[in-house]
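Since the structure of chain A is already known, use the hints to place chain B on it.
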Amino acid sequence: AQSVSQHNHHVILSEAASLELGCNYSYGGTVNLFWYVQYPGQHLQLLLKYFSGDPLVKGIKGFEAEFIKSKFSFNLRKPSVQWSDTAEYFCAVYAYNTDKLIFGTGTRLQVFP
Amino acid sequence: NAGVTQTPKFQVLKTGQSMTLQCAQDMNHEYMSWYRQDPGMGLRLIHYSVGAGITDQGEVPNGYNVSRSTTEDFPLRLLSAAPSQTSVYFCASSYVSPGETDTQYFGPGTRLTVL
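In the order they appear, the protein sequences are chains A and B. Counting from 1 along the first sequence, just add 180 to a position and that's the residue number in my numbering. Counting from 1 along the second sequence, just add 212 to a position and that's the residue number in my numbering.
Bound-form chain B, shown alone:
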């Protein structure tokens, strides 16, 4: 049981490049979320999914796309990276909505720098 895994751990991009941050969980959780963590701004929800084939926007969705083709995977795509997307990205999963459970598991994070 690996929990929530994220790859890569670190990434440097140039402005305009695209990339996909990978997130996977092996706990059969329906609910998955992507957050970004910025100094002085805490964690902000980017996108979330309540199950395979279902995604929705969070607080800061612009510039990011997600899809959920399987229960296990929830990749986050940056279409055209901008310096404002420099951040630490966390993926999280839970059986039910993270606001209704005390067992939301977070991944180790991806530190992204956009030059």
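If we strip away everything but chain A, and leave its shape as in the complex, we get:
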């Protein structure tokens, strides 16, 4: 069955530190990949997506992610985090043959000034 793993459950960083959140999925076919973010008290919004083309994709607020097909990974990165990046981050994978968008368990990021 299709699954999405986010191994970092809770990450604590100081402002200006670099961020990398892992996302791995288990499906060998064609996929679309997403990172969603949920700021405190708000509902989910899209951070970035990969459908095809350049495997390095850039999203809002300085975030980027790299799709490495051979590793079934889609890790999220940001060179320098800010306090306002405190949120929960969800990786999601869509497999074309199931027509379902499966979310990972989420990573809670806390950034301290």
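Hints listed in this document are in silico derivations from the structure and should not be mistaken for laboratory results. Some clues are possibly wrong.
[Unchecked claim] A short, non-exhaustive set of chain B residues, derived as facing chain A with CB atoms under 7 angstroms:
id: 1; residue: A214
id: 2; residue: G215
id: 3; residue: P220
id: 4; residue: D250
id: 5; residue: M253
id: 6; residue: G254
id: 7; residue: L255
id: 8; residue: P320
id: 9; residue: G321
Glycine residues also receive a C-beta, built at the ideal position from the N, C-alpha and C atoms.
Structure of chain B alone, referenced to chain A:
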């Protein structure tokens, strides 16, 4: 344009009670989904609909029913509430499958507690 609206925002139920969570969208989206969000488990798809009159099961459908009589509304029914259904429920909509678009809109959520 209100987007995706959900009612109620909060609800407390006793075990065995039934209730309906309401979801409506005014964007003429064909695709609507219900998710539950639990700590450490992320979002899990309960049921979804690809258009009026068409629904299908997601990852965790047991204990929930849905119907889609209109494009705008997609209510989620809990038939006999159980403590395991304590969660935050999100409704979402999009023009096409949420996996094929970057414009899936989420509602504000309903926080449900079952005692």
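Okay, the hints, checked on the actual structure:
1. The closest approach between the C-beta of A214 of chain B and any C-beta of chain A is roughly 14 angstroms, which is over the 7 angstroms cut-off, so the hint fails.
2. Residue-level restraint check for G215 of chain B is violated (minimum Cβ-Cβ distance to chain A is 10 angstroms; threshold 7 angstroms).
3. Proximity of P220 of chain B to chain A is violated relative to the hint, the smallest CB-CB distance being about 15 angstroms (cut-off 7 angstroms).
4. Using the Cβ-Cβ criterion of 7 angstroms, the hint placing D250 of chain B at the interface with chain A is not satisfied: the shortest such distance is roughly 9 angstroms.
5. The restraint placing M253 of chain B at the interface with chain A holds, with a minimum CB-CB distance near 6 angstroms, inside the 7 angstroms limit.
6. With 7 angstroms as the threshold, the beta carbon of G254 of chain B comes within range of chain A, its nearest partner Cβ sitting at about 4 angstroms, so the hint holds.
7. Taking 7 angstroms as the C-beta contact cut-off toward chain A, the hint placing L255 of chain B at the interface holds, the least distance being around 4 angstroms.
8. The criterion of a C-beta within 7 angstroms of any C-beta in chain A is met by P320 of chain B, whose closest approach is roughly 5 angstroms, and the hint holds.
9. With a least beta-carbon distance of about 6 angstroms to chain A, the hint placing G321 of chain B at the interface is held under the 7 angstroms criterion.
In this structure, the earlier hints numbered 1, 2, 3, 4 are contradicted, and the remaining ones agree with it.
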